[in-house]
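Peer 1: Residue numbers (this note's numbering), protein chains in the order written: chain A, 1 to 370; chain B, 1001 to 1387; chain C, 2001 to 2465.
In short, the hints are calculated from the structure, not lab data. None of the hints are false.
So the derived label-pair ranges between C-beta atoms look like this:
1) B/1244 / A/224: 33 to 43 Å
2) A/311 / C/2463: 55 to 65 Å
3) A/210 / B/1021: 39 to 49 Å
4) C/2431 / B/1024: 52 to 62 Å
Just some of the chain A residues that point at chain C, by a computed CB distance under 10 Å:
5) 59
6) 65
7) 184
8) 186
9) 302
10) 329
Idealized CB from N, CA, C, for every residue including glycine.
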Amino acid sequence: MSANIRPSGVFDTAYAQDISINRTRFDKFLANGLFVLLLIVPLLTIEGPLAANILPQSWIGVLNRIAIFVIAVQGLNILTGYTGQISLGHAAFMAVGAYTGAVLARELGMTFWIALPIAALVTGVTGLIFGLPSLRVKGFYLAMATLAAQFIIPWLLRYPLEGLTGGSRPLSVPEPTLFGLSFAHENAMYYIIIPMSIFLSLAARNIVRTRVGRAFISVRDNDLAAELLGINVFSYKLQAFFLSALYAGVAGCLLAFESNSLSLDKFLLDRSIEMLAMLVIGGAGFPLGPLFGVAFVNLLTQNIIPSVIPTLKQVLPGFLPFINPINIDAALGPTLFGLALMFFLIIAPRGLAHRWEILKIAWKIRPYSH
Amino acid sequence: MTALLRDNRRLVTILLYLVGLLVIVALFAPVIAAQRPARLVQSGITGLLVGGVYALIALGIVIINKASGVFNFAHGWMMLLGGFLFYSFFSVVQISPVATLALALLTVLMALTMIGWGRLRDARVLGAGALAAIVITMLMLVEIPLLRGIVGAVCGSVLIGLAAERFAIRPLIGQPLFAMVLMTLALSEVLHGIEQMIWGSVEIPLSLFAGIKDLGLPAPIRFEMFDSNVIVRTELLIAFALSLLAFVAFVAFFQFTSVGLAMRATAENQKLAQSVGLRVRVILGVAWAIAALLATVAGVLQGGATSLSLNMPLLALRAFPAVLLGGLESVPGALIGGLIIGLVQEYANLLFPGTQAGTELAPYLVLMVVLVIRPDGLFGQKRIERI
Amino acid sequence: MRKLALILLVLALGTLLALPVSAQESLPDWIEHTACDVDLTGETITIYHFGDISASYAFITQPLLAGIADAIEYFNARGGACGATLAQDNRDTGGDLTQTQAHYDYYSTLDPKPDLLVLYASPDAELLRDQVAEDEIPVMISAGSVEGLYGEDGQTPGWIYATNPLYVDQFGMFCRYIGANADQFPDPVIGYISWPGAFGEAAFTPEAIGYCAEQGVTVLETPEYFLPTATDITTNVQNLVDAGANILYTNTLASGPVAVARTLVDLGLEDDVRLAGVNWTLDTSVGLLSRTALGSDGLPAVNGIIGSMPFRWWTETDVPAIELITSIADEKEVAPQNRNIAYLLGWGTVDTYIELYAQTVNRVGSLDAVDGAAIQETLNGMVYSPMGLYTLDYKSGEIRDDTMNRLAMMMFANTDLSGVASSGDDAFKLPLPDGTEAYLPVIVPLTDFELTPDLRPGGMDVPGM
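Pulled out of the complex, with its shape left as it was, chain A reads as follows (with noise of 0.2 Å):
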């Protein structure tokens, strides 16, 4: 980690300096105003308190779901990053507190606040049953587990709890509220999606940090070696577990709270698969993994996808006379974004955070190139 490359001189005097997560008074510094400035965003949108047309009300939804994907990403994270299991459940996992939280606050009239921590807790509970083939299977067999609980758990959502899920058809969520204040509105709901995402991103962190943090690293760079060293693996697993399904379940209840409509199609494999995606191009093992990879998916599937489309329609069928132009549109969004992964998973096998510590040590040392 570059965490112990800081400008010569820089010493620290105490052992809270050592642990702190800035270790520079100018990383705080840093951080704190990156807080506020995403704090602010809101206020400069046409929708927000002042009417400032200043940045494009656009913004406050593409943040949104950003922030709550790196939650789910950080949850996957845990799993896959540190402790080594890949999950293709991940978005089952997340339908899991979605429909807990909605269910929750139909049926009993409960709180989005206290509904929130209720829904996390269901799907880590989840989370640990579907962990426990770990018990017995491990790499790949557990990934067939994962992919196991992807197929389950919608099956039961849509058919055994009909009656409270709705099956198929969508299922309307109440608005959060507090005090009276309503969270309806989309800059409101930022104001609770953007700090728990950063709390939710710190603590991830932190649990890394921590004595179960290290035993996730030893079991995933060698579990037997783990297992010598007396660190229980089975139990470290389902932590791993159950802490991935908590984030999963967090990320999963504001999406259902933020779009107020819930539907099965929302967490199908796709989406899984797309998790996966996001903490590869990410970096998976970085802290900062799941923010970059969610991040660089959406500008990707978003904006320069359709943006290269129009150029490709024109250029293809000129090049490749079997091509039906009708169908370009369509196609070239699932071969780009297959590309995209292909390209990373070949270069960049540890991502963008990777290149990004990188890149932040070039900058301390410079203007020496070692």
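Keeping the supplied structure of chain A fixed, place chains B and C upon it in accordance with the hints.
Peer 2: For chains B and C alone, coordinates are given in the frame of chain A:
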């Protein structure tokens, strides 16, 4: 007592399985008894026939896993690609000779350079390659649709298999399992895009079995049993027979040919295989080509029985439980696993109507049960480290 | 059956080389738009659409977009909308609701905000229902899910306007028809067989079952759902038939109805069990896909399937719009499988845009003054038949769906195209490039356009209301 249990662990395990099985049967007995016997027979037949398709898909996944330790999530899209290629050569009257030649040349090029681009410097190799490409092109332009379709689909799927291995899988050797899994997922996205770009999104019926009636075969085969009709869909039966044939061919291939033996050796230990002079790259390439071929066979048969649509790759997801049930590395396991999953699915559909339990739940429940009680599958090698 | 005399080739690319569209730059007189008080020459009106154009529903959405594109070209050459040029802006969601949300955020925050959006699928409508109401953007959609149009209670009209009847109302209308024709359908028992998911399960509601019972039609309590990938659905079909069903109703499209029909043929039940379904089961794709799944009479297995047909169809060539669109489709070489309802809807959508803007601009004075609320006001008050293909009448804003529907049957044309074929031997067959022969589907109306029952939760025709 404990000593007795410990000494006869195997026996006790088997006994426990038996008790479990009996409990399950006893639980389902009332539901089963309530069914008409003809329905039970019918669902059994349907289950076996559907299971044949799963088995074929499972076999393709097993082959790649055997040779290179990669579980191929892109298999479903390779299936559909094979189906589309077959359709293009089989059904379309006018095929551009230039495109055909390009396809043949590319395939030959990929096959020749499996070891490295250096092979191209050899004039003899180049000559042989060119000749092969021309022969393949001629075969793909003949007037017999079936031959044309088969050659075209074989050629295309070999190309895809080799290209996938070379450009997607080989650069990742040494990377964690996780990267491999994601790479096959990325591959499926790319294949999805390519297929949609060329063949579009509209479902295409593949008139592969249209000739059944002309041959004088009944379609479907009907017979009386327990006072009611039981049917066997002829096209599915033919597909099933072809699947079995493919199985026999591959078992023979692995047991008796030198490439097959080399492949088994490679799967056992890549470094060791390399040190005794086996060309691991070639073997991996061949494994992917064979898997792509199997995917094509499955895609064509399934496409003939239903139609070619962008939904077909989802079928492969239902074959995953079959692979694990049979054992990740076992060829007979793929067959048995596929058939069992087919049967489980149909009986669940029969016994629990209206719950969608057959297709969406039962295969994955089986998967979970297998993972918990017998993770290496029915026929898999016991090499799972349990931690 | 008198229309049969007028039935003309739709699929025959070779035989029907229609006269080229005359080079005149004025609209035919049967298209009557409101006269414009304001000339909008130089302005652009964009038709914003986002939907699934790359995944499961692509085979409908792509013809829709093609129809919109061809219609835009046609109308722009003839004065556009009050002189303004029409344009098209599409984005693909790949059937992914997160993408839907992202694209909605993009479009809804454009400056200026769109006055109107075009969507396609029910899940998109259900997801965006509250948001479009909040942002005051009306949406035109071609789906009939109660939740998307009327909310969970079925009684709250939103900002989404559908161009086809609610799926549940279609099911109810079918029950009403067979209840009234007991001689043809003795002791009717309906088994519901469909795909799982929001669309496939949309018509199977307690309200519909209750209404059917009132019409003397039993609907089996247990529905059967099969996946679009299913290789064989014998077990599902037999479950329903064993339970007593003599009519199967399916809310699927493309290969869905074909799979059910093929299984009925294989089981030898084609004479005992009738097949019916939602309006999509009468679509071109179904007839085409069935060309390799023939019944014992040699005709495609879906021959005789009953469904809703709330629009004019390609075979009704006495409708001038059909004649015009057919000739343009020939000119553009639109493939047979793309000559479906979506292509027609694309034309209807563009025509609706022109009329909506003409009326709205006349009322508010300028294009800049047009906003979502103004368009909604026009939509609510307007009774309009886009090119005569279907009728929009939202009853002063009280309803959000198309309540005028008719039932029809899909049959296949005979050799001299004078009527419907009774067997494979006298059916008209068109050789296709892929070596198969396409049969020419003919839509035979069974009823006139009539009011559908209102079977929303708490709807007027729900028993006990």
